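Visitor: Listed here are the chains, written in short residue letters.
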Amino acid sequence: MNIIQNIYLAVIFSTALIGFLRFKKHSLVFRLLIILLAITFVTEVIGRYVGIRRHNSMPFDHFYAVVEYVILTLMYSKILQNSVRKVIITLMPFMCAFALYNTLYLQGINSFPSNFVLICELFYMCYAFLGFKKILLHPLPIPLHQQGLFWLNLAQIIFSTTLFIYFGLMNYLNSHHSFGSSLVIFVQAINLIYALLLSTAILNDANSAKYLELNGQYK
Amino acid sequence: MANTNNEYVELYILIFSSVALFACLVGFIVYFVVLYQNKQLKNKQEQADLEANFRQEMLKAQIEVQEQTLTHISREIHDNITQVLSFVKLNLAMLGRQNAIPEIAENRDLVTQVINDLRALSKSLNFDYILKNGLKQTIETEVERINKSKIITATLSVEGERYALPEQSELVLFRIFQEALNNTLKYSGAQHFNIGLQYHPEMFNLSLYDDGCGFSPLEIGKNSGLGLKNMETRAALIGAKAAIDSAPGKGCSIKIALKLAEKKLHTDGRHQDRVG
Numbered sequence: 000m001n002i003i004q005n006i007y008l009a010v011i012f013s014t015a016l017i018g019f020l021r022f023k024k025h026s027l028v029f030r031l032l033i034i035l036l037a038i039t040f041v042t043e044v045i046g047r048y049v050g051i052r053r054h055n056s057m058p059f060d061h062f063y064a065v066v067e068y069v070i071l072t073l074m075y076s077k078i079l080q081n082s083v084r085k086v087i088i089t090l091m092p093f094m095c096a097f098a099l100y101n102t103l104y105l106q107g108i109n110s111f112p113s114n115f116v117l118i119c120e121l122f123y124m125c126y127a128f129l130g131f132k133k134i135l136l137h138p139l140p141i142p143l144h145q146q147g148l149f150w151l152n153l154a155q156i157i158f159s160t161t162l163f164i165y166f167g168l169m170n171y172l173n174s175h176h177s178f179g180s181s182l183v184i185f186v187q188a189i190n191l192i193y194a195l196l197l198s199t200a201i202l203n204d205a206n207s208a209k210y211l212e213l214n215g216q217y218k
Numbered sequence: 000m001a002n003t004n005n006e007y008v009e010l011y012i013l014i015f016s017s018v019a020l021f022a023c024l025v026g027f028i029v030y031f032v033v034l035y036q037n038k039q040l041k042n043k044q045e046q047a048d049l050e051a052n053f054r055q056e057m058l059k060a061q062i063e064v065q066e067q068t069l070t071h072i073s074r075e076i077h078d079n080i081t082q083v084l085s086f087v088k089l090n091l092a093m094l095g096r097q098n099a100i101p102e103i104a105e106n107r108d109l110v111t112q113v114i115n116d117l118r119a120l121s122k123s124l125n126f127d128y129i130l131k132n133g134l135k136q137t138i139e140t141e142v143e144r145i146n147k148s149k150i151i152t153a154t155l156s157v158e159g160e161r162y163a164l165p166e167q168s169e170l171v172l173f174r175i176f177q178e179a180l181n182n183t184l185k186y187s188g189a190q191h192f193n194i195g196l197q198y199h200p201e202m203f204n205l206s207l208y209d210d211g212c213g214f215s216p217l218e219i220g221k222n223s224g225l226g227l228k229n230m231e232t233r234a235a236l237i238g239a240k241a242a243i244d245s246a247p248g249k250g251c252s253i254k255i256a257l258k259l260a261e262k263k264l265h266t267d268g269r270h271q272d273r274v275g
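Residue numbers (numbering that gives the first Met the number 0), protein chains in the order written: chain L, 0 to 218; chain W, 0 to 275.
These are computed hints drawn from the structure, not numbers from a lab. Keep in mind that the hints are not guaranteed to be accurate.
Lysine-lysine pairs mimicking DSSO-like chemistry, simulated, CA-CA at most 27 Å apart [what the hints assert, rightly or not]: (1) K41/W x K132/L; (2) K185/W x K88/W; (3) K149/W x K77/L; (4) K43/W x K132/L; (5) K133/L x K135/W; (6) K135/W x K88/W; (7) K147/W x K135/W; (8) K133/L x K147/W; (9) K185/W x K133/L; (10) K38/W x K132/L.
Note that the structure is a prediction, hence the values are computed from the model and not measured.
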């Protein structure tokens, strides 16, 4: 593990810890995010251990991809409007079924579930754009940088778009036998930025939670 | 060498893609932030407007209730109290004819004075009377009443050719005059109270001045300054501007300026924002 990965794990762990210590102060959406970060940390640590011992941690990636999709979808179902909420909740079982089908028949449990992850990243990009639209339609009387939802959407949009580009680049460079360590460092840096943005979102959630819950928006 | 070249190619592609991507993301974020701030400002302005409208509606309701109460009191004074006092006066007159006691005549005169004072008070409280006679005549009546009391010397000066103001404006201006007069009598210790009505073609001015002890506007506390605040808000309700100027030892001057073009919005009897 290099220093970027260590910092990444430290950020996730400390954010999850702070989140659990202030759990009751957070809105339901960010409580789910704190739980996701905790699961991410555990999965990363176990995955790395298994990766070292058995040289393959892909089964954890299959599990984590589904968990991440379910939790993020539940979060955004609370954030977004009723009509969109119904659509994304309705799609959830179908996506989970596709994840299972992908694991069993398409990519196998020992390879990275890129089919499922790429589709999920498209979903997350859409969630983030709709989340930004929600912020515009219902502005709060606090600055934008103090709103947890803004940082959450920013994290999602940056991570999803850069991950999409990363997979595209990886496929291109792989086919030209040009895959290098710089791309690995790039994706690790993106993971770290994602973790930092999510931490900022959780730390700022206390400011905006009271306004959103008073207005009846996402409980 | 080939591997090194491939690494460079990979690096260039990576850098170019990253820069392009982040440029788009930064552009989107900046655009979103600007859009959000504009929206937030607009919302704040709308909220401020709503609050201002609410305050105005509350004030109109308050003034309406006050006018109704004053009219009710006026009618009670006229219908009940003065009637009873008239009977007392009549009985005293009959007693006076039977027993020639000087004190009876003196008390009869006192009762007559009370009846007259109550009738004058009743008129000043009743807005129908004010609207029927107009601002100038109503203030003239009040000036006569004040001068009879000999507490203070009041003078009325009228400039320009008199024209009729909208009914609601005249009512509000008269109430401001009454408020100012009450303050002068209660607090100023003034000897003179001057009232000026200036009828200009484009503007009407009501000026009120007393030569009392004056006050410092900064020292007027939150509770004791309500009368002054009331005058300003009543003036604003009819589209007029109130300027209150005073200093310790320098008396108090109140000027109400009503632009005749703006008054229509607030005092048209059919307008939803009408007073009363």
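Visitor: The structure should be examined with respect to each hint, and the outcome stated for every one.
Guide: We went through each hint and held it up to the structure:
no., hint, in the structure
1, K41/W x K132/L, "16 Å, holds"
2, K185/W x K88/W, "31 Å, violated"
3, K149/W x K77/L, "75 Å, violated"
4, K43/W x K132/L, "19 Å, holds"
5, K133/L x K135/W, "59 Å, violated"
6, K135/W x K88/W, "32 Å, violated"
7, K147/W x K135/W, "18 Å, holds"
8, K133/L x K147/W, "71 Å, violated"
9, K185/W x K133/L, "58 Å, violated"
10, K38/W x K132/L, "12 Å, holds"
Hint violations for this structure: numbers 2, 3, 5, 6, 8, 9, all remaining hints satisfied.
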